[in-house]
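Undergrad: Full structure from sequences and hints, please.
So you can see what is in the structure, the chains are spelled out below.
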Amino acid sequence: MSTRLAQGGRLIDRQKPLRFTFNGLPMEGYEGDTMAAALLANDRMLVGRSFKYHRPRGIVASGAEEPNALVGLGEGARFEPNQRVTTTELFDGASAISQNHWPSLDFDIGAINARLARFLPAGFYYKMFIHPRPFWKHVYEPFIRQSAGLGRAPKDRDPDRYEQAYGFCDVAVVGGGVAGLAAALAAGRAGKRVWLMEQAAHWGGRAVVDGVTVDGAAAEDWVAAALAELGGMANVRVKARTMAAGLYDHGYLLAYERIADHTPGDGRPRHRLWRIRAGQVIAATGAIERPLAFAGNDVPGVMLASAVRDYAVNWAVSPGDRTVIVTNNDDAYRTALALADAGLVVPAVVDARACVTGALPQAVRDRGIRVLEGRGIAKVKGGKRVTGVAICAQAGEGSVLEEIGCDAVAMSGGWSPVVHLWSHCGGKLAWDEAGAMFRPDPARPPTGADGAAMVVAAGAANGHLQAADCLADAHAAGGGTGAAPTAVTEAEAPLEPVWIMPQGAGPALRAKMWLDYQNDVKVSDVQLAAREGYESVEHTKRYTTLGMATDQGKLSNINGLAVLSEALHQPIPATGTTTFRPPYTPISLAAIAGEAKGELFQPLRRTPMHDWHEAHGAYWEPVGHWRRPYCYQRSGEGIEDAVRREVRNTRNGLGLLDASTLGKIVVKGPDAGRFLDMLYTNMMSTLPVGKCRYGLMCNEQGFLSDDGVVARLSDDTWLCHTTSGGADRIHGWMEDWLQCEWWDWKVYTANLTEQFAQVAVVGPKARAVLEKLGGDIDLSAAALPFMHWAEGTLGGISARVFRISFSGELSYEIAVPAGQGRAFWEQLIAAGEDFGVMPYGTEALHIMRAEKGFIMIGDETDGTVIPQDLGLDWAISKKKADFLGKRGMERTHMTDPNRWKLVGLETPDGSVIPDGAYVPATGVNANGQKNTQGRVTSTYHSPTLDRGIAMALVLNGPDRMGEVLDIPGIDGKVYRAKIVSPVFYDPEGEKQNV
Amino acid sequence: MKRYSVFAVAREALRNHQGWDRAWAKADPKPRYDAIVVGAGGHGLASAYYLGRNHGITNVAVIEKGWLGGGNTGRNTTIIRSNYLQDPSAAIYEKSRSLYETLSQDLNYNIMFSPRGVMMLAQTQHEVRGYLRTAHANALQGVATEFIGPERVKELVPIIDTNGPRYPVLGALWQPRAGTARHDAVAWGYARACSAMGMDIIQNCEVTGIRREGGKVTGVETTKGAIGCDRLGIVVAGHSSQLADMAGFRLPIESVALQALVSEPIKPCMDVVVMANTVHGYLSQSDKGEMVIGGGTDGFNNYTQRGSWHHIEETVRALVETFPMLSRLKMLRQWGGIVDMTGDRSPIISKTPVEGVFVNCGWGTGGFKAIPGSGWAMAELMAKGASPLAEEFSMFRFREGKFIDESVAAGVAH
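Sequence order for the protein chains is A and B. As numbered in this note's numbering, residues 1 to 994 make up the first sequence, in order. As numbered in this note's numbering, residues 1001 to 1414 make up the second sequence, in order.
Treat the hints as calculated values from the structure; they're not laboratory data. Quick caveat: nothing in here was measured; it's all calculated off a predicted structure. By construction, the Cβ of each residue, glycine as well, lies at the ideal position given by its N, Cα and C atoms. Be a bit skeptical, because a hint or two may be false.
[Stated by the list, open to error] Distance ranges between label pairs, derived from CB positions:
(1) TRP745/A to ASN1302/B: 28 to 36 Å
(2) GLU614/A to GLU1155/B: 29 to 37 Å
(3) HIS1310/B to GLY279/A: 19 to 27 Å
(4) ALA1013/B to PRO103/A: 24 to 32 Å
(5) ALA77/A to ARG1011/B: 48 to 56 Å
(6) HIS625/A to ARG1152/B: 23 to 31 Å
(7) TYR748/A to ASN1302/B: 28 to 36 Å
(8) ALA1013/B to ALA443/A: 41 to 49 Å
(9) THR922/A to LYS1224/B: 50 to 58 Å
(10) LYS1154/B to ARG133/A: 28 to 36 Å
(11) ARG1152/B to TRP102/A: 26 to 34 Å
(12) GLU1155/B to GLY989/A: 49 to 57 Å
(13) HIS1310/B to GLY24/A: 41 to 49 Å
(14) GLY923/A to ARG1152/B: 33 to 41 Å
TA: Below, the structure written as structure tokens:
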């Protein structure tokens, strides 16, 4: 059984017991425990089920590399699936449930898959479930899908808060082992701005567990002193519980700080995502121990040797009473010593090496522990817990020489440097034959914007597994001058690569040797992939799912590609690795989203009159980041009724529209006129001061992209109105041309959209209400005719009055300083009372412009429409040598006389044609699609005419006036419509020119 | 080629799966072929497959710089749909979707086409009108789609928040026979079928030059030597302009990174594919249980197969806002691929200025769904010199201004 030792545990505080539950069972641990340590202390080794075969799974590691021990943590809205217990700090009241089983962890029906394992090898689903065809959707996939996934999906809205922040430093040191500390000390002492981060809550990495002596002191003390010194440096920032998740181009480092995972609901943000600009990254990320591939290496109780040591030393937890150690290297002997120190039984150390000498094995032998040379494990006995191991010759085929009873196995296949940060941005690896590991190739580092290396690997991450080398390497990486910290450890004999155990194992044993514990990928699966031609390491990964589990192959990848290399009879470097992708361990989507959710999801732009609208029944419509009133609903009034009322009231009396969202870009300078002549299809440089002109803008292809009224404010200043949705885009467009192409033109632009509130005062009473406000502007038709502007004061507020109309009515658009927008609006509402004033929304705006046959960008245009299609030839200058889009619209398809062109449509019965309807033509095209000859671009019920009106683009439409078309709707009806002029209302323009 | 079936698996199980054939043969280049396809991604392999199956041309080599299926075929979010607005797009994507329906049977390889339905959310009035337009167009194009209301959206996707404070869901364009497939399997299945027809699939073989005589192609130079051919198909998304450069012409293509990510696997909670274009993200759940997430492309050109972090943030924000339960899930892995972008965001399947050279590229962010249809059209074009499906996708359309612009339908083209 696994249990808590009576003494020891450098990280736990026995004075502070914590209560928690696992699958509802109450358990106890101590402050400083990880949940994994606490579970083991409560003799809970079996904690989950594997993905494919539902095999029993126990804790195998002690850190981020853990593939098995994932639980659902928390309850209700704070429930989170797939929490790795080896990195979950225990807290009082924690509740965890195991995953991927039914009905229970101990008795799981899904384990039938394990019985069928030989019928379910790698990639079996590609070869099966092909017939009969409908079965995949209706039978096979639903069945497979039900058994997929690990933890259950959260249901509720997350109550926690997440932060994002930026950091800047010269050197970011990743990893809080002695290497990271040495590098940070070196860089910090040199005066660099340093960030030091450690993913766990505790410092010191392996050295403190392994009893290394640093600079003559115990590693424990050296680490404490180093942290104290770093803590005292103003230029150094030290962060625990912070994992460097990924490295991006130009040294952009992503770090994930788990602030309150262990103190849920305490009011602090749960996670914080740091985006760090680092001059240099020092990856002191350590190394991860590799499992050995022997039959039954997935039975709960088989653990990494280093993890067994960690549990004993850090948390005073013994994973088993009798632990057999199996290894191909000297380091695992430290586990034997640690267990012996704790008074636990180590029946044997099984060493695959034929000849084992060296100080560490000798020390183990001196304790009276058997060391079996040239031996391997033929098979692990036990189902939900190890009961023993069968020993064989490593060089043989697995004949059992003896059986040893035990309840835990500590395995070590050597170490793999953690090279993720090195690799994220293209750093390359070199195979180290002696160490049987990939290590960063210093000749091929990831490079930054300046072409220089932006990552330095240090210590074990750089392949230096011995403490002394590790410290020297890290000291140098940190730019240290003078002597590096020194370390004393036992000398280690070289390891001997062992990729399967025993060497000559047959198919039956290979089918029981797990490589990827979570995804149930075995040696036999990788060999099958190789046999079937999935030879690229990427093919093998994808075919077998090796390394695709939540640990992303931290334990399995190197073993897997070594097995693949052997199967392909090629050296390991020829096989290579799969791509290392961020994040190093999974990070919460919430942290990635940060504070941007709900009301803060995107900036909400409000016009100065926003609150007034809100208080007066606005039914909002999102328009870009703005909110605009679609209409103003009165109590008991439907939306359509409100829209009709607003249209009629504006046509017959007085309407007010908040037009503040309209883009307002000032263009100024000696070359401004020339610039605008290039931007607009028509001529703007000739516009007299005081006048307005409607203009069109096209992209280089000649397609219409925006429109609006331009006013010339002074000799060198123009004000360009754009569509509401187009303001930012058009401003960017202007700057793009000015900065990239016409950089020597003397033009400034400024987007003043938010500096002005703008109100459209519309209707027969428009002049009257403005005159009632009083001011110094002569608003008479003679003084301020259509398409002119004037400025002065209105109702005591500075105003610029544009006499323009998008409705066909007498209309003034009045811009006032944004800060006075609300006051101005309220003055108009008050003054308009006698005239029956009503505000109107975007839908009334749309209807009135359609009644008048005015186009709307985004309705009549869609990025494929040229001005000529809309009958706007008049707005295309023939005098100008060039403008944006001119060349584009001269191409053959654009000048084709047979294009879809703008017309109006009138239904004889007054019905409204559905939005988006197409006009079919006879026959089908070469691909069997019905031919078309046009489409409806805008369609409304016109309150003014009390019938349906529509605008449409129809093949040669203007030449076909009076023709009747049949237009099918997706509602199943066919609408008859007559082609008419698109101007349904006041075609002579008498209303707007009064 | 041994047929795959449950019986074959059972038979092999009894002998420890020692008897399986290679899925595709290992091949060294022959001196010449009737046709060479450069690029063993989905589109290249499908082009070769239909050259053999539909046109009897089997003396074909598919040449691949790296490992087959290693480009965007193996990096996408596996969405298959055909609810496109413009006729040429709807034609080729619907052809493709219908080929996907029976592809597992045609290839004798389970590519797991799962017609679980794809919905594109409308979250502004403008989007509502855009999708109504697409629905009308689809009705005439023979593509089965419908515009559904928010209640039906919620019914199909219980985890969605249709009442988000910023962009409430106003409806959706729903294509019930759209869905997903297992992307790697598509490449592997085609490769196996090509190999079975006697075609050579040559991996780790980079094309370094294109040989021409008198304006006509005669072969390619590769890292495994020169290989002759009469017809050459260039199907190398991400590097199309480089191959065109070797053939002496230019393509209107820009190369940008598109990223995707997956969460850790969870038990099934969403069976359909949802695309939210206003907030810009899309989401589905794989059969393994991972939430598969995609978003927009990077704004700058590059070849790194990585991308900018801020795009991941934008995409995840969009989806956490739309699906609040995602918040406590974790990102397992993110990755990127390089996509070809044309001026109108529609593909190119075309003859080129070099006689005998054909190009299939420019699939932008949405190529996976097109693989069978694209291969079908490319094969026809290479075999016959013309294909109705490819007709409008000529590279010369940009010269004429005859764009096939899908972005106009309020949609983004994934």
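Undergrad: It remains to establish, for every hint, whether it holds in the given structure.
TA: Right, here's what the structure says about each hint:
1. TRP745/A to ASN1302/B: 28 to 36 Å: holds (30 Å)
2. GLU614/A to GLU1155/B: 29 to 37 Å: At roughly 32 Å between Cβ atoms, GLU1155/B and GLU614/A fall inside 29 to 37 Å, so the hint holds.
3. HIS1310/B to GLY279/A: 19 to 27 Å: For HIS1310/B and GLY279/A the Cβ distance comes to about 21 Å; the hint holds.
4. ALA1013/B to PRO103/A: 24 to 32 Å: Holds, since ALA1013/B and PRO103/A (Cβ atoms, about 28 Å apart) stay within the stated range.
5. ALA77/A to ARG1011/B: 48 to 56 Å: holds (51 Å)
6. HIS625/A to ARG1152/B: 23 to 31 Å: Hint holds: Cβ distance 28 Å, inside 23 to 31 Å.
7. TYR748/A to ASN1302/B: 28 to 36 Å: holds (32 Å)
8. ALA1013/B to ALA443/A: 41 to 49 Å: holds (47 Å)
9. THR922/A to LYS1224/B: 50 to 58 Å: For THR922/A and LYS1224/B the Cβ distance comes to about 55 Å; the hint holds.
10. LYS1154/B to ARG133/A: 28 to 36 Å: holds (31 Å)
11. ARG1152/B to TRP102/A: 26 to 34 Å: holds (31 Å)
12. GLU1155/B to GLY989/A: 49 to 57 Å: Distance hint for GLU1155/B, GLY989/A holds at roughly 50 Å.
13. HIS1310/B to GLY24/A: 41 to 49 Å: The hinted range 41 to 49 Å holds for HIS1310/B and GLY24/A, with Cβ atoms some 43 Å apart.
14. GLY923/A to ARG1152/B: 33 to 41 Å: holds (35 Å)
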